[in-house]
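> Listed below are the residues making up each chain.
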Amino acid sequence: GENVEQHPSTLSVQEGDSAVIKCTYSDSASNYFPWYKQELGKRPQLIIDIRSNVGEKKDQRIAVTLNKTAKHFSLHITETQPEDSAVYFCAAGSGGSEKLVFGKGTKLTVNP
Amino acid sequence: GAVVSQHPSWVICKSGTSVKIECRSLDFQATTMFWYRQFPKQSLMLMATSNEGSKATYEQGVEKDKFLINHASLTLSTLTVTSAHPEDSSFYICSARVPGGETQYFGPGTRLLVL
Numbered sequence: 001g002e003n004v005e006q007h008p009s010t011l012s013v014q015e016g017d018s019a020v021i022k023c024t025y026s027d028s029a030s031n032y033f034p035w036y037k038q039e040l041g042k043r044p045q046l047i048i049d050i051r052s053n054v055g056e057k058k059d060q061r062i063a064v065t066l067n068k069t070a071k072h073f074s075l076h077i078t079e080t081q082p083e084d085s086a087v088y089f090c091a092a093g094s095g096g097s098e099k100l101v102f103g104k105g106t107k108l109t110v111n112p
Numbered sequence: 001g002a003v004v005s006q007h008p009s010w011v012i013c014k015s016g017t018s019v020k021i022e023c024r025s026l027d028f029q030a031t032t033m034f035w036y037r038q039f040p041k042q043s044l045m046l047m048a049t050s051n052e053g054s055k056a057t058y059e060q061g062v063e064k065d066k067f068l069i070n071h072a073s074l075t076l077s078t079l080t081v082t083s084a085h086p087e088d089s090s091f092y093i094c095s096a097r098v099p100g101g102e103t104q105y106f107g108p109g110t111r112l113l114v115l
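Protein chains in written order, with the working numbering: chain A, 1 to 112; chain B, 1 to 115.
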């Protein structure tokens, strides 16, 4: 089955700096890669997603890149703000299985 | 759009009792819902996939007789933790997919504490 590795497990940056979180997946059939942000005690919220027919997608300060050959994808947050502090999860899924397999999460702390 | 609710948000129960958690899609019909368990500072672990009108598909290692799932309508799935024990204490979160889409929208979660 699919296995998703996520790094780093914790990341601390200064406000205004960029943050990068990386994930790798094992199943070449995976074609959908969402990123979720989860604040303490709250539900995971989708922040951006990418499909395997696209190499990069951007939404304001957030971008995701996908390298299908290497089976890895990354989340980039620019101009970080304290409210970006949360746990971020990557996931991989394929249309056939419906389900998502999540990475272990990255706790991002943005210091003012 | 794509709002998912969950009830209750908190439940404390005695060991040996059963607890039912409801997951509702409020503004769309969800043929597929998912149930996850999340322990503190850990990732989301899929327990089962709930399909409307058919039996749920459980992940390996999840006891189907202990975690009963019913998806009786296109907007409601329920998870019943039977004969709960302290080790079942966790954060249970459901999600639902918009028909024809891949995105999963999550409910707010239910924190279960078994004494």
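Possibly wrong hints are sitting among the right ones.
Said to hold, decoys possible - With the Cβ distance kept under 7 Å, some of the chain B side facing chain A (calculated, not the full set): (1) F28; (2) Q29; (3) T32; (4) L44; (5) L46; (6) T49; (7) G53; (8) E102; (9) P108.
The hints are simulated quantities; they were obtained by calculation from the structure and are not laboratory data.
Note that the coordinates shown come from a computational prediction; the quantities given were computed from them, not determined experimentally.
Glycine included, C-beta positions come from ideal geometry on N, C-alpha and C.
> Please check whether B/L44 passes as an interface residue: C-beta within 7 Å of a C-beta belonging to chain A.
5 Å, holds
> For the hint on B/G53, does the least C-beta distance to chain A fall short of 7 Å?
15 Å, violated
> Return the status of the interface hint for B/P108: holds when the least beta-carbon distance to chain A is below 7 Å, violated otherwise.
Because about 5 Å separates B/P108 from the closest Cβ in chain A, which is inside the 7 Å limit, the hint holds.
> Quick check on B/Q29 please, does its C-beta sit within 7 Å of some C-beta on chain A?
16 Å, violated
> Under 7 Å is the threshold here; is the Cβ of B/F28 close enough to any Cβ of chain A for the hint to stand?
15 Å, violated
> Under the criterion of a CB-CB separation shorter than 7 Å, is B/E102 in contact with chain A as hinted?
5 Å, holds
> B/T32 was flagged as interface toward chain A. Is the shortest Cβ-Cβ separation under 7 Å?
With Cβ-Cβ at 6 Å, under 7 Å, it holds.
> Minimum Cβ distance from B/T49 to chain A below 7 Å?
6 Å, holds
> Can the hint on B/L46 be confirmed by a CB-to-CB distance to chain A that is less than 7 Å?
6 Å, holds
Going down the numbered hints, you'll see the structure goes against 1, 2 and 7, while the others check out.
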